[in-house]
Amino acid sequence: MEFAVGPFVVRIKSWPETLTYPFRLMYGDFPRVASETFADFDIALDPSRGFRRWIHPQTLFKLDGKSLFEPFPQDTAFPLFEWGLNWCVGQRCHQYLMLHAAVAERNGRAILLPAMPGSGKSTLCAALVQRGWRLLSDEFGLFDFRSHRLVPFPRPIALKNESIDVIRRFAPGAVLGPSFPKTRKGTVAHLRPPLAAVQRMHEAVSPAWVIFPRFSAGAQLLLRAVPKSQAFLRLAHNSFNYDITGPDGFRAVGEIVRASECYDLAYGDLDEAVFRIDTLTS
Amino acid sequence: MSQINIVALWTALPEGLLVVEQFDDACLIYNSLSNETCFLNETAVEVLRLLQAKPMTVEGVIAGVCSAYNIDEGPSLIQEISNVMGEFERLELICPSLT
Chain F
1 MEFAVGPFVV RIKSWPETLT YPFRLMYGDF PRVASETFAD FDIALDPSRG FRRWIHPQTL
61 FKLDGKSLFE PFPQDTAFPL FEWGLNWCVG QRCHQYLMLH AAVAERNGRA ILLPAMPGSG
121 KSTLCAALVQ RGWRLLSDEF GLFDFRSHRL VPFPRPIALK NESIDVIRRF APGAVLGPSF
181 PKTRKGTVAH LRPPLAAVQR MHEAVSPAWV IFPRFSAGAQ LLLRAVPKSQ AFLRLAHNSF
241 NYDITGPDGF RAVGEIVRAS ECYDLAYGDL DEAVFRIDTL TS
Chain U
1 MSQINIVALW TALPEGLLVV EQFDDACLIY NSLSNETCFL NETAVEVLRL LQAKPMTVEG
61 VIAGVCSAYN IDEGPSLIQE ISNVMGEFER LELICPSLT
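Line order of the protein sequences matches chains F and U.
Count the first sequence with the working numbering and you get residues 1 to 282, in order.
Count the second sequence with the working numbering and you get residues 1 to 99, in order.
Since the hints were made in silico from the structure, they are not lab data.
All residues carry an ideal CB built from backbone N, CA and C; glycine is no exception.
A couple of the hints might just be wrong.
Interface residues of chain F toward chain U, partial, derived using beta-carbon atoms under 10 Å [claimed, not checked]:
1. PHE30
2. VAL33
3. GLY218
4. ALA219
5. GLN220
6. LEU223
7. ARG224
8. PRO227
9. LEU233
10. ASN238
11. TYR242
12. GLY249
13. ARG258
These stretches of chain U come out as covered by chain F in the derived footprint (C-beta under 8 Å, 3 or more residues) [as the list claims (entries may be wrong)]:
14. 16–28
15. 86–93
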């Protein structure tokens, strides 16, 4: 099976039955491509061998036929696929500056939400997307060195633990996949990318805002401008490949920061945070 | 017997090896040789600018900074510039000049 997601073509040569339902639910809108198309990532999700397979079946993530990680329990094949695809992109796609950031767009301008794990980035991104922002990516801010724009890579948004119910309450109509308990990040459930994000996944956007979110339960909302030089250093630190992209990466971070208003956003209430961002960007 | 005075001249890396991003509040420099990004304050930017223009002694740099900001030479400024140049040398942004 081959399909296009953002600028990439992904081939999945084999997969366990446990992948089928969540994959169809999450990737049902993505275009299939001809089997002879060059695939950026040639993936197989194969059963692991050994006695263990009779008691606790496991799945191996293979790239180009090579197993790269420890196996995952077979019933978490979908989180394994998502995590493995992230790894593939992070390792290979140095034609982009890769920021660990969510990206969304409205009125032709993009907001970047760079953040460390646990800062509420995915929850905030999911909420913005449910309020009319177009999803470009929840995990990778891909800045194209040639076009100088942010390239969409709209995949399911991985929500963890309490965030799952937060989004269910925030947007009762949102399509969430099955919950996977006991993963390395706790319970994970995925939010299906909206159809518009998939249909427009080849429309790159210029950055306009960089907002560093930080969720803290019960915290008062605080939006504070960040000096551009600090925003530069934080974005560079947040990048997956800044160190290996040399002067191109340096210039790219500079371009993003120069084109953007930069803020810190501390929040404890999702509705309030979305409203503040909407006000700021409208 | 004549005495030989050795005067150390310093020069900055050629502009082609440095990429500069100037913002309102500070300056960032990427060093292509070391693959390092450096955050420079106003004084450091002026020191680098002087050394990019031509090789200079430490005393020349101090005089150049005083002239650029129209300030008097003082112990704290001398100390600051010495520190900046020491840091620049460590970061391989400047090196002794052969000319």
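The hints, checked one at a time:
1. PHE30: Violated. Min distance 37 Å.
2. VAL33: F/VAL33 check fails; min Cβ-Cβ to chain U is 37 Å, beyond 10 Å.
3. GLY218: 32 Å, violated
4. ALA219: 27 Å, violated
5. GLN220: Where the cut-off is 10 Å and the nearest Cβ of chain U is about 26 Å from F/GLN220, the hint is violated.
6. LEU223: 19 Å, violated
7. ARG224: At 14 Å from the nearest chain U Cβ, F/ARG224 fails the 10 Å test, so the hint is violated.
8. PRO227: It holds, given that the least Cβ distance between F/PRO227 and chain U is near 4 Å, below 10 Å.
9. LEU233: 7 Å, holds
10. ASN238: 13 Å, violated
11. TYR242: 8 Å, holds
12. GLY249: 8 Å, holds
13. ARG258: 8 Å, holds
14. 16–28: Per the Cβ count (8), the hint holds.
15. 86–93: violated (count 0)
The earlier numbered hints that this structure contradicts are 1, 2, 3, 4, 5, 6, 7, 10, 15.
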